[in-house]
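Student: Working from the sequences, and respecting the hints, build out all of it.
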Amino acid sequence: AQSVTQLDSQVPVFEEAPVELRCNYSSSVSVYLFWYVQYPNQGLQLLLKYLSGSTLVKGINGFEAEFNKSQTSFHLRKPSVHISDTAEYFCAVTNTNAGKSTFGDGTTLTVKP
Amino acid sequence: EPEVTQTPSHQVTQMGQEVILRCVPISNHLYFYWYRQILGQKVEFLVSFYNNEISEKSEIFDDQFSVERPDGSNFTLKIRSTKLEDSAMYFCASSEEPLGNEQFFGPGTRLTVL
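Quick mapping for you: the protein sequence lines, in order, are chains A and B. Start counting the first sequence at 1; every next residue gets the next number (this note's numbering). Start counting the second sequence at 1001; every next residue gets the next number (this note's numbering).
The set of hints was computed from the structure by calculation and includes no laboratory data. Please read these numbers as outputs of a predicted model, since none were measured by experiment.
Computed cross-link-like contacts, SDA-like style, restricted to lysine to any residue with a CA-CA straight-line distance of at most 25 Å:
(1) B/1042 x A/19
(2) A/49 x A/27
(3) B/1057 x A/95
(4) A/49 x B/1057
(5) A/58 x B/1003
(6) B/1042 x A/68
(7) B/1042 x A/5
(8) B/1042 x A/13
(9) B/1042 x A/24
(10) B/1042 x B/1088
(11) B/1042 x A/28
(12) B/1057 x A/3
(13) B/1042 x A/60
(14) B/1057 x A/26
(15) A/49 x B/1047
(16) B/1078 x B/1010
Tutor: See below:
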């Protein structure tokens, strides 16, 4: 079994400030890790993913995340946010032996002017 | 850029009625999934499908649910007798491979059961 915990349900931040959205996971087997963004009334868009290799992965829209195996974390970061980054962000894991994804509860990022 | 499409975008139905949600996965993808998201909650896995059969299903996916790939392009989710608690956004996804590959999500169908 696997689970995902997103530690912050809501993150308010001012425009151009840095942001970190935290994600921890648990699994008895190796996993792949993903971050998705969901804008209001829209579907899920992949921001970035970690499969193997470098633990620092860069995604779209200036986001990056670092996989930390010892801390079982995959925190999402952006050095300077824009108003347009306001959205719901979901961390997800996929068991390397199975295809389904398990999602966290989501973090609402609100960027204020 | 190829994308997953879903129809309808919004479905309103009466409790007890059957609904069919339709998805057209990306054409060269072989693995298909349904997820649901109850309003304000997280995305939950329902079922995965490969080679014309269910690969895995969650406890949510009970006998009221079924999936089908009726032709070479569509992938459907049927709910036989809808309940109020089936109201949610339903997302279809597809991937080239099942393991670690990106699942491409459709825009979702919002199902409202009255």
